[in-house]
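The primary structure of each chain is shown beneath.
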Amino acid sequence: MNLEEVIELLKGMAKKYRIQSKMAGVKKKVERKSLWIDVDRDKLLEIVQLVVDNSTEFPHFCVASTSDMGETVEVIYHFTINYGKPLEEVQINFKVNLPKKDLWIPTLTKIVPGTIFSERELHEMMGIEIKGLQDTRHLFLTTDFPKGVYPWRRDETGPKNLNKLYEGWKQ
Amino acid sequence: MKYTVPIGPIHPALKEPILLSCSVEGEKIVDVDVTASQNHRGIEWIGMNRNNPIQTLYVSERICGICNLCHPACLAMAVEEAADIEVPERAEYIRVIQGELERIHSHLLWAGVAAHELGFDTLLHYTWMIREKVMDILETVNGNRVTKAIMTYGGVRRDITKESIPKIQEMLTYYDQLFNKLAKLFLEDKTIKMRTRDIGILTKKDALQLAAAGPTTRASGVKKDVRQDTPYFAYPDFRVKALTPDIHTGKTVGDTYDRIVVRLLEVKQSVDIIKQALENLPAGEIISEPKIPKILNKIKKTSGEAIGRHEAPRGEDIHYVKLKEGDEHLYSWKVRAPTYSNIMSWKPMLLNHQIADIPIVAASIDPCISCTNRVIIVEEGSEKILTHNDLHHLSRKKTKEVRK
Numbered sequence: 001m002n003l004e005e006v007i008e009l010l011k012g013m014a015k016k017y018r019i020q021s022k023m024a025g026v027k028k029k030v031e032r033k034s035l036w037i038d039v040d041r042d043k044l045l046e047i048v049q050l051v052v053d054n055s056t057e058f059p060h061f062c063v064a065s066t067s068d069m070g071e072t073v074e075v076i077y078h079f080t081i082n083y084g085k086p087l088e089e090v091q092i093n094f095k096v097n098l099p100k101k102d103l104w105i106p107t108l109t110k111i112v113p114g115t116i117f118s119e120r121e122l123h124e125m126m127g128i129e130i131k132g133l134q135d136t137r138h139l140f141l142t143t144d145f146p147k148g149v150y151p152w153r154r155d156e157t158g159p160k161n162l163n164k165l166y167e168g169w170k171q
Numbered sequence: 172m173k174y175t176v177p178i179g180p181i182h183p184a185l186k187e188p189i190l191l192s193c194s195v196e197g198e199k200i201v202d203v204d205v206t207a208s209q210n211h212r213g214i215e216w217i218g219m220n221r222n223n224p225i226q227t228l229y230v231s232e233r234i235c236g237i238c239n240l241c242h243p244a245c246l247a248m249a250v251e252e253a254a255d256i257e258v259p260e261r262a263e264y265i266r267v268i269q270g271e272l273e274r275i276h277s278h279l280l281w282a283g284v285a286a287h288e289l290g291f292d293t294l295l296h297y298t299w300m301i302r303e304k305v306m307d308i309l310e311t312v313n314g315n316r317v318t319k320a321i322m323t324y325g326g327v328r329r330d331i332t333k334e335s336i337p338k339i340q341e342m343l344t345y346y347d348q349l350f351n352k353l354a355k356l357f358l359e360d361k362t363i364k365m366r367t368r369d370i371g372i373l374t375k376k377d378a379l380q381l382a383a384a385g386p387t388t389r390a391s392g393v394k395k396d397v398r399q400d401t402p403y404f405a406y407p408d409f410r411v412k413a414l415t416p417d418i419h420t421g422k423t424v425g426d427t428y429d430r431i432v433v434r435l436l437e438v439k440q441s442v443d444i445i446k447q448a449l450e451n452l453p454a455g456e457i458i459s460e461p462k463i464p465k466i467l468n469k470i471k472k473t474s475g476e477a478i479g480r481h482e483a484p485r486g487e488d489i490h491y492v493k494l495k496e497g498d499e500h501l502y503s504w505k506v507r508a509p510t511y512s513n514i515m516s517w518k519p520m521l522l523n524h525q526i527a528d529i530p531i532v533a534a535s536i537d538p539c540i541s542c543t544n545r546v547i548i549v550e551e552g553s554e555k556i557l558t559h560n561d562l563h564h565l566s567r568k569k570t571k572e573v574r575k
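Sequences listed follow chains A and B, in order.
For the first sequence, position 25 matches number 25 in this note's numbering, and the numbering has no gaps at all.
Throughout, this note's numbering is defined as the position within the second sequence, counted from one, plus 171.
It cannot be assumed that every hint is accurate.
Said to hold, decoys possible - Straight-line alpha carbon distances no greater than 30 Å define the calculated BS3-like cross-link-like pairs of lysine-lysine that follow:
(1) B/173 to B/199
(2) B/446 to A/22
(3) B/472 to A/100
(4) B/412 to A/28
(5) B/472 to A/95
(6) B/304 to B/446
(7) A/28 to B/469
(8) B/364 to B/571
(9) B/439 to A/85
(10) A/22 to B/471
(11) B/375 to A/85
If you are wondering where the hints come from, they were derived from the structure by calculation, not from laboratory data.
Sequences and hints are given; from them, build the entire structure.
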């Protein structure tokens, strides 16, 4: 699948999409392209499954990133497919917007097992409930990290007085 | 009777101190669990809340000491794409040279560690001795052996001077001549073969599903290399090919031995890339905008997002950056180092192997092996602490046994 075929396959399920590109190379110029797709939370599993079913090799899951946008939280799943042949790789980024009042997202681990670390990270850093994820232990934060504090939030649940977060801290 | 052998968790040299809990029945490993939450430094938080993007560049360099170019490279690439900053041609070439120098030193460092874990200390000293050559070059070119502070938005901070080019070329000839010797020492040695062949196998299916990256996934036969798939910097000029072990041995098993093969082949590949890059190094500027306030201003006025991906020695490194107009910091910054993905493959690799295999298998994905510093064996209430030395001793004992 090249980029056009990927867009053709996925655009029915996407809210909107865009292609971003940047040139690379000196003597041989190539365009590095990435595809950014906005999807609804309800269609996330379906669209990822579609990508898995239609790519030659299993898609490589890079990481999930997230930003606090005020009223909503944005989660982006970064995938690359079609790697292995020079210049044919397609970078796909699925963007999901979640309302803060109803902050959950379905787990992707059943389709892509490698998402488990990122989902645990989303859970602890942004306070997103991952529906269907069994292992919700902290990944990077210590077990005694205070409850209800989410380091990547920009609202009242974000960390304040960083040095005093832990018990036993002395001036 | 099942025991849990926790490996880790803390060591100052490890960027993510990790606890590896192995459940063992006798000598056999039956389950593995990884706990990463030992020492979170909140580097992403610093980039998003405290530092300006230039300062963040230098913080990102300190995420990892060994691959200290990859993180600033990814960050610079992402910000350059989001804020549309141009990079001069010479700078793109210098970035490639720096990236490949880093790969040579990282792979040689790893090869030494692997030899040490197997109890082959002469080989460790030999490999690290020849690694000094590339470290000297790094010092000549950058003025520093480790944190090089070479990357910046829109270019690089130091040029490769005319005087240093012959020195680099001399280093390349040195490694060219040594390659066959190294390959013979590592790949034809009977003991190394016995300790690594069919040990710690990661199947292609597992490698793909668990999102393994870099030499770890290539050793399992996945032809994935960012320099080949989505080339960046000046890499399109070099037509890099992802190297899999079958190029050298004719077959792909996905075991520890194959991971050694891939890394050795990549040292040779890096030497070739640097050689070409030096021959074709374009003249001109090394930075498009030397005034830092101007760059910062441009970033501050930008709204946008981008990802930067770089093939680090340990695998694909990726940064996601979101910029918001008026924000002095990066609005969002997500760092994914290759080890983040690769530690998930420890489980399938270690299952059904022996405790003595843990050091070499864990080391085979090239994490910071110092996490095997301290091991506690809990035996019905009483604890026995195995130090790194004890573990190492177990590993050496096994080498002696298989030799008999």
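Hint by hint, here is what the structure shows:
The hinted pair formed by residue 173 of chain B and residue 199 of chain B meets the criterion: a straight-line CA distance of about 10 Å does not exceed 30 Å. Of the supplied pair hints, the one linking residue 446 of chain B and residue 22 of chain A holds, its CA atoms being roughly 27 Å apart against a limit of 30 Å. For a cut-off of 30 Å, the pair hint linking residue 472 of chain B to residue 100 of chain A stands: about 27 Å separates their Cα positions. Restraint check for residue 412 of chain B and residue 28 of chain A: satisfied, since their Cα atoms lie roughly 16 Å apart, inside the 30 Å limit.
With a C-alpha separation of about 23 Å, the suggested pairing of residue 472 of chain B with residue 95 of chain A holds against the 30 Å cut-off. Between residue 304 of chain B and residue 446 of chain B the CA atoms are separated by roughly 16 Å; this keeps the pair inside 30 Å, and the hint holds. For the hint pairing residue 28 of chain A with residue 469 of chain B, the CA-to-CA distance comes to about 28 Å; that is within 30 Å, so the pair holds. With a C-alpha separation of about 13 Å, the suggested pair residue 364 of chain B and residue 571 of chain B falls inside the 30 Å cut-off, and the hint holds.
For the suggested pair residue 439 of chain B and residue 85 of chain A, the alpha carbons sit about 21 Å apart, so the restraint of at most 30 Å is met. A C-alpha spacing of about 20 Å is found between residue 22 of chain A and residue 471 of chain B, which places the hinted pair at or below 30 Å, so the restraint holds. Proposed proximity of residue 375 of chain B and residue 85 of chain A is supported: the alpha carbons are some 17 Å apart, at most 30 Å.
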